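Under the working numbering, the first residue of the sequence shown carries the number 181, and numbering increases by one thereafter.
By construction, these hints were calculated from the structure, which means they are not laboratory data. All values reported here derive from a predicted model rather than from experimental measurement. Any given hint could be a false lead.
Dumping the calculated DSBU-like pairs for lysine-lysine here, alpha-carbon to alpha-carbon at most 35 Å [as the list claims (entries may be wrong)]: (1) Lys271 to Lys234; (2) Lys271 to Lys207; (3) Lys234 to Lys247.
Pairwise CB distance ranges (calculated) [claimed, not checked]: (4) His206 to Gly260: 27 to 35 Å; (5) Val306 to Ser239: 23 to 31 Å; (6) His321 to Glu288: 34 to 42 Å.
Ideal Cβ placement from N, Cα and C applies to all residues, glycine included.
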Amino acid sequence: NVAPEQLSSGINAEYGGNRRADMLQHKPVRGMNWGGAAISNAVWSGPRLCDVLKYYGWSEEKYPEAKHVWVDGLDFGPDGTPYGASILIEKAMDPRQDVILALTMNGETLPRDHGYPVRLVAPGVVGARNVKWVGNMTISHEESH
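Hey, can you work out the whole structure from these sequences and the hints?
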């Protein structure tokens, strides 16, 4: 196998909690009390997730029941479980989607606060699914919890 090539992609991300402070005026919601500035813009670089999964032997023919890629970070939530999210396998395996395992941000080593050493970057999904500090990935027939 040949090691996956590196891709660079400029991405804007809006985070799931954006304007949560405004929502609190209408009903109780969980999470940080963010205003309207939970948006980022960066150039992320790293291998495509689809290339990494293929490199390690995953294929739709071998695992036709697979529907999701679970990604767990190395950080833990209040309940003691790792923070994680999933994305659809169709998105993960489509090279046109530019889903990458970012190793650099804006041409420099990925900063710790932004997910060093590896961050999942999945354009077109809510920012909360762009898991920082990736520690484990699982292919599953169901969405992560």
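- Query: Is the distance from the Cβ of valine 306 to the Cβ of serine 239 consistent with 23 to 31 Å?
  - Reply: holds, 28 Å
- Task: Hint says 34 to 42 Å; check whether the CB-CB distance for histidine 321 and glutamate 288 agrees.
- Result: holds, 38 Å
- Take a quick look at whether lysine 234 and lysine 247 sit within 35 Å of each other, Cα to Cα. Satisfied, since the Cα-Cα distance of roughly 16 Å is no more than 35 Å.
- Item | Pair hint outcome, lysine 271 versus lysine 234 [Cα-Cα no greater than 35 Å] | holds, 14 Å
- Is the distance from the Cβ of histidine 206 to the Cβ of glycine 260 consistent with 27 to 35 Å? holds, 31 Å
- Message: Hint check: lysine 271 vs lysine 207, CA-CA at most 35 Å. Holds or violated?
- Response: With a Cα-Cα distance of about 33 Å, the restraint between lysine 271 and lysine 207 holds, given a limit of 35 Å.
Violated hints for the displayed structure: none, as all numbered hints are satisfied.
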